[in-house]
Amino acid sequence: MSTQEGARFLEKPQGGRGILLGGVPGVKPAKVLVLGGGIVGTNAALMAAGLGADVTICDISLPRLRQLSEFMPKNVKTLFSSSHNIEKELPTTDLIIGAVLIPGAKAPHLITRPMLKLIKKGTVLVDVAIDQGGCFETSHPTTHAEPIYEVDGIIHYCVANIPGAVPCTSTLALTNATLPYAIKLADLGWEKACESDPGLKNGLNIINGKIVFPAVAEAFGWKI
Numbered sequence: 017m018s019t020q021e022g023a024r025f026l027e028k029p030q031g032g033r034g035i036l037l038g039g040v041p042g043v044k045p046a047k048v049l050v051l052g053g054g055i056v057g058t059n060a061a062l063m064a065a066g067l068g069a070d071v072t073i074c075d076i077s078l079p080r081l082r083q084l085s086e087f088m089p090k091n092v093k094t095l096f097s098s099s100h101n102i103e104k105e106l107p108t109t110d111l112i113i114g115a116v117l118i119p120g121a122k123a124p125h126l127i128t129r130p131m132l133k134l135i136k137k138g139t140v141l142v143d144v145a146i147d148q149g150g151c152f153e154t155s156h157p158t159t160h161a162e163p164i165y166e167v168d169g170i171i172h173y174c175v176a177n178i179p180g181a182v183p184c185t186s187t188l189a190l191t192n193a194t195l196p197y198a199i200k201l202a203d204l205g206w207e208k209a210c211e212s213d214p215g216l217k218n219g220l221n222i223i224n225g226k227i228v229f230p231a232v233a234e235a236f237g238w239k240i
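Count along the sequence shown starting at 1, add 16, and that's the number in the working numbering.
If you're looking for bench data, these hints aren't it; they were derived computationally from the structure.
Hints may contain errors.
In silico DSS-like cross-links for lysine-lysine, where the CA-CA straight-line distance does not exceed 25 Å [to be verified]: (1) Lys200 x Lys217; (2) Lys47 x Lys133; (3) Lys104 x Lys93; (4) Lys239 x Lys217; (5) Lys137 x Lys47.
None of the values given here were measured: they were computed from a predicted structure.
Start from the sequences and build out the full structure, keeping to the hints where you can.
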């Protein structure tokens, strides 16, 4: 979803530079940089690759990068995520997907305001991590009604509820994943349910008005 939206703005003459992601015979495809090799980043990379783009996916986990290299198509390259490596990629990249997630914590700024000067004008930044504060320093939440804005000639797409563009599909997908947990909470109560299910236990953020998840407390500057 994020890659499709980014591609749409990249290909609009008034929005991006009029670049077709997959290119055409005699013209190179667009270069896509995906920051984060989790579920969102992986699917964004696969979608961009399916459209024919030249894709690079970054992550800080070498085991994850090895795993990605085993099943990604040949037009997807893996790269260890570091400030140095990201800066080297920026001048030639046309579409950047920010898909970094630290569970419960604020997303780190992998692209800072000064780094925008390394990026070509009209490049599209899609910040899928905007719900966790965004992984670009210049990101702020937008809506489907007004999804984009520009900073220093760089187009930012920071819709805080991207799945809202396909509400029926996204709602069914979410309920399929969460219904078993809801049933367990209803049957056992939250305490017994969390004791019996590590997934629910790891999802506890607040108990009796007190924050119990370290990353959440750190994000707000509070102590546990």
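Now the hints, each set against the structure:
1. Lys200 x Lys217: 12 Å, holds
2. Lys47 x Lys133: 18 Å, holds
3. Lys104 x Lys93: It holds: about 15 Å lies between the C-alpha atoms, which stays within 25 Å.
4. Lys239 x Lys217: Holds. Lys239 to Lys217 sits at ~20 Å (cutoff 25 Å).
5. Lys137 x Lys47: Holds, because 14 Å separates the two Cα atoms, which is no more than 25 Å.
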